[in-house]
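Listed here are the chains, written in short residue letters.
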Amino acid sequence: MTARRSSRYAVLNTETGEVRTADPREPQIPFNFDGKNYTMCALPGETDVPLTELFLSAAEWNIIECMKSAGADHTLVKVNPADLALSLNISETTAKTSVARLVAMHVLLKPTPRAGVYQLNPRRWWRGKSSGQREACVRLRAPAITPDRKAKERLNKIKDK
Amino acid sequence: MAQTAHSIDVESLMSQPLYTLNLSAAQRCVLAWIEEQGGMWEPIETDAEELSARCFVSESTAYEALARLTRLNVLIKDVYGHYRINARYALRDLPHVRDMITAALTDPELSPDERAKGPLKESSADVRRRRTLKAVQ
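Protein chains in written order, with the working numbering: chain P, 1 to 161; chain V, 162 to 298.
Next comes chain V alone, as it looks inside the complex (with noise of 0.2 Å):
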C-alpha cells in the first residue's frame, strides 16, 4: 500500500512489552487486577488498601506498586485519582481495534454529495396523513 501523507504508523500506537519493564509480581497482580475491572476501558477507582485485600499483598507494597506503575506510565491517573491502564499497552493486546484506529486516521472524511444537502423525501404516509389532515375544531 503506497504511503501517503497522513499514514500512520501502526508501532507508534503500542507501548513496549511490559516484561522490559523489570516488574515485581505485586506490581502485575495489581494491573493485573485493574485490568479484570475493566481497566483499559474507563478510570477505575481504588486504592492501595483495597488492592492490598484483592492482590494479598500488604499496603505498603500495593502502595509502592500504584506509584511505580504511575511513574512508569503503565496506569494513567485521572484528577479524581481513578487509575486507567494505558491505552497503548492496552493496544498491544487489541490488534483490531489497533487497525481501526489507523484507518479511522487515514480514511477520508465523509463527502455528502447532491442528494444529501437536498430536502428530505416524504414518505408515503406523511404524504397520505397530509392529506387527511382535518382542522381541529
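With the rest of the complex left out, here is chain P (with noise of 0.2 Å):
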C-alpha cells in the first residue's frame, strides 16, 4: 500500500518498544509576523482548536472576515446585523444566528452579554504589539475557542468513519 501524506504514521522505538503517533506536519502556531509592533495572530503557544474543526459556513467566515477590516482585531467594533446581512448578501437571520453562533465558540467576544459590540478573540486574532495583547486577553477575559454541539459531532462523524 502507497503511502500517502494524510496517512497517520506512528514512530517506532526499537530498542523499548515504545511507539508514538508521528504527524508529518509539525504543529503550526497561526500567527502572520511575529514582532514588537506588527501583525500578529495568535499567542505563541497556543493550543487553541484549528479554526477548520470548527466547520464554519461561507457566512461565518466572511463575518470573521469582515469583523477584521472593521478592526475588530485591536478593538470592540459595533455590529448591526442589517448593515452586516447588506455588506455580505445574505439575509438578517443568517446574519443574526452566525453572529450567535461565533459568539458560542468564542470566535467572538463580547465585554458584556447585552452588549453590541464584539471584538475577534484576542488569543487568535491580534493587530499591534504583543503587550496590547495580552492586556487585551486579560481584559476581556478571553477563553479559548471551543466547538460547540454541531462542530462536535461533525467531528466525531467523520472519525468514525
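No lab work stands behind these hints, which were simulated from the structure alone.
Computed from a prediction, not measured in an experiment: that's the story for all the values here.
Do not rely on the hints blindly, as some may be mistaken.
Unchecked claim - Derived list of chain V stretches under chain P, where covered just means 3 residues or more per stretch with a C-beta under 8 Å from a C-beta of chain P:
{"no.": "1", "stretch": "211-225"}
{"no.": "2", "stretch": "249-256"}
Claimed, not checked - Beta-carbon label-pair distances, calculated as ranges:
{"no.": "3", "chain 1": "P", "residue 1": "ARG149", "chain 2": "V", "residue 2": "GLU210", "range": "22 to 32 Å"}
{"no.": "4", "chain 1": "V", "residue 1": "LEU281", "chain 2": "P", "residue 2": "THR16", "range": "57 to 67 Å"}
{"no.": "5", "chain 1": "V", "residue 1": "PRO178", "chain 2": "P", "residue 2": "THR97", "range": "18 to 28 Å"}
{"no.": "6", "chain 1": "V", "residue 1": "ALA265", "chain 2": "P", "residue 2": "ALA104", "range": "37 to 47 Å"}
{"no.": "7", "chain 1": "P", "residue 1": "LEU12", "chain 2": "V", "residue 2": "ASP239", "range": "31 to 41 Å"}
Where a beta carbon is used, it is the ideal one built from N, C-alpha and C, also for glycine.
Dock chain to chain to rebuild the complex, using the hints, since each chain is given by itself in its own frame.
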C-alpha cells in the first residue's frame, strides 16, 4: 500500500518498543507576523482548536473577515446585523445566527452579554503590540476557542468513518 | 503630504475582500489551513488528498477548492506545484508591511558621502598589530 500524506504514521523505538504517533506536519503557531509592533495572529504556544475543526459556514467565515477589516482584531466594533447582512449579501437571520454561533464558540467576544459590540478573540487574532495582546486577553477574559455541539458532532461523524 | 511622481497608491497593493468572491465554506477552510501553514510567506506543498484530511472535506471538494482558489488568483501556484497566498490579499492583514513596502518604493536611495568613498579607518588594534608583527623565520 503506497504511503499517503494523509495517512496516520507512528514512530517505533526499536530498542524500547515504545510507539508514538507522528504527524508529518509539525503543529504550527497560527500567527502571520511576529514582532514588537507588527500584526500578529495568535499567542505563541496557544493550543486553541484549529479553525478547520469548527466547521464554520461560508457566512461565518465572511463575518470573521468583515470584522477583521472593520478593526475587530484590535478593538471592540459595533455590529449591526442589518448592515452586516447587506455587506455580505446574506439574510439578516443568517447574520444573527452566525454571529450568535461565533460568540458561543468564543471566536467573537462581547464585553457584556447584552452589549452590541464585538471583538475577535485576541488569543487568535491580534493586530498591534504583543503587550497589548496580553492586556486584551486579560481585559476581555478571553477564553479558548471551543467547538460547539454541531462542530463536535460533525468531527465525531468524520472520525467514526 | 504632497504627491510626488513616484507616489504609490496603497489601495492598489491590496486585493478586494474575499467575502465579495462568494467562496464556499470548504474553500475558506482550505485557504485558512494554507494560511496557518505559513502560506502567506512561502509556497506550501500540498494536494487535494492532504487538504481533504486536514479540512474534513471530500477529495473532490478539496480538488475543486484548490482549482477555484487558483483560478481566482487567491492562491498562486508556482512551477513546482506549491501554493502561496496572493500577496495582495496577505497585505490586507498586514498594514505595517504594506506601509513599509510603499515607503520603500517612495523613499530615496541611499546617497554615500565623501567619507563613504574614502579608505576604511584603521582601528587602533590593527595599528598596534601592524607595529608589532614580526617576520616569520
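Hints numbered earlier in the text: which of these fail when held up against the supplied structure?
none
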